[in-house]
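Chains A and B, in that order, give the protein sequences.
Okay, so the first sequence: first residue is 1 according to this note's numbering, each after it adds one.
Okay, so the second sequence: first residue is 1001 according to this note's numbering, each after it adds one.
Hints may be right or wrong, so weigh each one.
[Unchecked claim] Here are the simulated distance ranges between beta carbons:
1) Pro-2(A) - Asp-1626(B): 25 to 31 Å
2) Arg-1184(B) - Asp-117(A): 40 to 46 Å
3) Asp-117(A) - His-1123(B): 51 to 57 Å
4) Asp-1117(B) - Pro-116(A): 41 to 47 Å
5) Glu-1305(B) - Ala-142(A): 37 to 43 Å
6) Val-14(A) - Asn-1056(B): 46 to 52 Å
7) Gln-149(A) - Gly-1380(B): 54 to 60 Å
8) Arg-1184(B) - Pro-79(A): 20 to 26 Å
In case anyone wonders, no lab produced these hints; they're calculated from the structure.
Because the structure is a prediction, the values reported are computed rather than measured.
Cβ coordinates follow ideal geometry from the N, Cα and C atoms, glycine included.
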Amino acid sequence: MPISLTVNGTRHSVDLPEDVPLLWVLRDELGLTGTKYGCGVAACGACTVQIDGEAVRSCQVVLGDVWGAVDTIEGLGTPGALSVLQQAWAQHQVAQCGYCQSGQIMQAAALLAETPDPSDEEIDAAMQGNLCRCGTYPRIRAAIHSAAQMMKEA
Amino acid sequence: MARIGKIARRSFLIGSAALVGGVAFGAYYVARPAPNPLTPPEGGATLNPFVMIDANGVTLIAPRAEMGQGVHTTWAALIAEELDVDRDQLRVLHGPPAQAYYNSAVLGEALPGKGYDRSDFAHALAEQVGKIGKVMDMQLTGGSTSMPDGYERMRATGASARETLKQAAANRLGVDRAQLKTERGAVIAPDGTRIAYPDLAVDAGKLDPVDAPLRPPSQWRLLGKTQPRVDMAAKITGTAQFGIDTRVKGMKFAALRMNPHLGGRMIRFDDSAARGMPGVDRLVNLGNGIAVVASNTWLAMQAAEAVEIEWAPGPNPADTGAVFDRIAAAFDGDANSTLRDDGDVGALPLGAREVTADYRIPYLAHATMEPMNATALYTGIKLEIWSGNQAPLLTRKACAAAVGLDPEAVELHTTYMGGGFGRRAEVDFSVYAANVAKELPDTPVQLTWSREEDMRHDYYRPGAMARFRGAVKDGKAVLLDGQIAAQSATQQAMGRWLGMPAAGPDKGTVDGAFNQPYSIPNYRIRGYLADLDIPVGFWRSVGASMNGFLFDCFIDEMAHAAEADPLAFRLALAQDEHAPSAKVLEAVREMSGWSGETPEGIGRGVGFCYSFGVPTATVIEVTDRDGQIEISRAWIAADVGTALDPGNLEAQFTGAMVYGLSAACFGEITFAEGAVEQANFPDYDALRIHNTPVTEVKILENQMHITGAGEPGTPPAMAALANALFDLTGTRARQLPLMHEFDLVT
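Chain A on its own, in the form it takes in the complex:
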């Protein structure tokens, strides 16, 4: 039986077993490839999306358990219309290979929604589940601080 879910404000109906993780519904069924597969065991954060504003690992949430509206990187901003957070990411030229950045940004967005001006310790606590093999961490930290500043001034 098809299961329905809302992603980036759009309602979808998918015909997949309910134990398929949200990650693979997004990527292989809905074509939303901005959310990445990295480990499948909630150890890297590349698949981070938000459900009702909460950052979750989409590899660990099965389709049948999606409890609210899903937001992915595609819903945050576009190359022509970057969100404030993405502008900060561009300003600091954060991405190298870029593969983990969707997850990093979705995690950071959830952090800033809850903690508008996070300290370094708060950034550490919120972001340490998100792995980056290129080592862009110092710029991620700087971009989060800048975004907080930009949001305050907006």
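Put chain B on the given structure of chain A with help from the hints.
Structure of chain B alone, referenced to chain A:
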């Protein structure tokens, strides 16, 4: 063509002298321009293999793997600098596999010399040698070679395209080319009229290319300044297309399981349980494993797990202990190389104090963020493949052979890479996808490896052992005799890539040890090759990733034995031998305020390594936090000759350090029952945001020749950390990873 290619390969393997002979023999083939692989666009022209102009604007080809190092941005800037186009006016594409895109620097890097003492003649020789990369189809991204390769060629390419466009305008206006200028993608006539490049493209495409001298750096607008990355907007909006993001109409999704006993075959399998699982389409026998094709990657992975498989054992020793016994046994045989043998290491200089130490470091996985994958479509007469790879010509050739087509019948799209670090120079993941696609004609199939398959089927950084004997006197090093034993990644890869066994002295095993710019009067380094068939390959900084740690930590031991300041000790050794190396040590001393003293609870260590032509010095500071050790701060100084993009260089040296520190702290691949024990990030962790040090980078430009930057930051980081831990705790780490001996913040 095939013949000269074969001669070139053989010569390459015999050694540099024969290689030069190969160049002379094949001078015609080497000098002959490679055909332009680009098809001229409708209403436009391809002025050369790197510049394409049509009504939509200017497209530049950056045929190097963009795996995070920013090569597309800097490569495009080299062309754009001379072409006079701005970033907002151009598009950058990777382009097709082609001989025209050969890497002219990679073979020069393979020459066995020390590097830092190269004369201008030797540099010129390396450039000549590099040209043979064309007949060897070496379109390769690796070895920190893109900038040495592209620095002059791409500026010349841009300058030639510019002058050709000017000539087209001159012909149209009936004026002399010298009266024309160029600016922001247009030719400016003497009366100020602007003719945009797209308007001139067709005419320019009919002209013979015009040569032009290069502008001096003082006139640069783009180079030397931080450029916004061309891939940034796509990468922060989830719209960049990595290999794994390839979506083709009607495609299916596949997962695989391969023999965990590396090199072993599959005896039999039973797929009865998998067949009826949801979404499953079919199973493909890969010989050493199986692939399941389904409607969804996750469903394919589940079904692959449900297949019952009996595996044959592999050819390698069953456990880590036995593997290292085999590596140690290499010391009993003849040395494979003695690439440095200064003075006489046989006798202990009078009054000198002897120091000895043995080291051992593990195998390492690349663990790119994006697991291996590729997408393929086979139609019986054609194969189309989408693959994030560092070696397009090799990939195309291997995929063609796998499905029984000519390479010309294979269309390869090289996508963005979610990390490469050397792993994506291999062709296995592309070939597996081609094999699966062949079983499903006319259906595109994406084959994605699970993280577990990726980690258990890598071409690993070899594990290594080292034996050092040194001597110090009057605060200085007077003798250093080092032996390093490991599998040769280069020789194994040459066999794999070029289909022929390799031989001769292996630079990779001793890189970072034999070629250090130190004036030690008695200095010998010998390499020994371990007889093992564990798949090994190129891991960010290759041999220097081993010796940056092994050699430099032993230098640190000698400094302490000499009762000298570790930084001053290295500086004294470098001062007379290579001034740019001394200067990076001085720079890092100044940046870190190095005094040789640290307060209670804080330790500092310095690490130095000359690799890929770059002297790099790193100081790491560690802090005792209630018994746990935090890596708190880092300072890096490196000399790249010419800094084309300071912001990107800072990112590369920081990232390379994090990659090295991650391996030093947590990285190890171990073996049990013939299989790799680690499977995923919980077993193979890396630094994260909270345990990455606050880092400062300084780029120097004292060297005469430009270098790359993707790798040299990795080797000294590992040593600097171990040396800092010694300073803090008094415990000398002679094995990695450090987490086994030290309570690090995780």
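Status of the hints after comparison with the structure:
1. Pro-2(A) - Asp-1626(B): 25 to 31 Å: Since Pro-2(A) and Asp-1626(B) have Cβ atoms about 54 Å apart, the given range 25 to 31 Å is violated.
2. Arg-1184(B) - Asp-117(A): 40 to 46 Å: At roughly 41 Å between Cβ atoms, Asp-117(A) and Arg-1184(B) fall inside 40 to 46 Å, so the hint holds.
3. Asp-117(A) - His-1123(B): 51 to 57 Å: holds (53 Å)
4. Asp-1117(B) - Pro-116(A): 41 to 47 Å: violated (56 Å)
5. Glu-1305(B) - Ala-142(A): 37 to 43 Å: Holds, at about 42 Å.
6. Val-14(A) - Asn-1056(B): 46 to 52 Å: violated (37 Å)
7. Gln-149(A) - Gly-1380(B): 54 to 60 Å: 59 Å Cβ-Cβ, so the 54 to 60 Å window holds.
8. Arg-1184(B) - Pro-79(A): 20 to 26 Å: holds (22 Å)
Hint compliance for this structure: hints 1, 4 and 6 are broken, all remaining hints hold.
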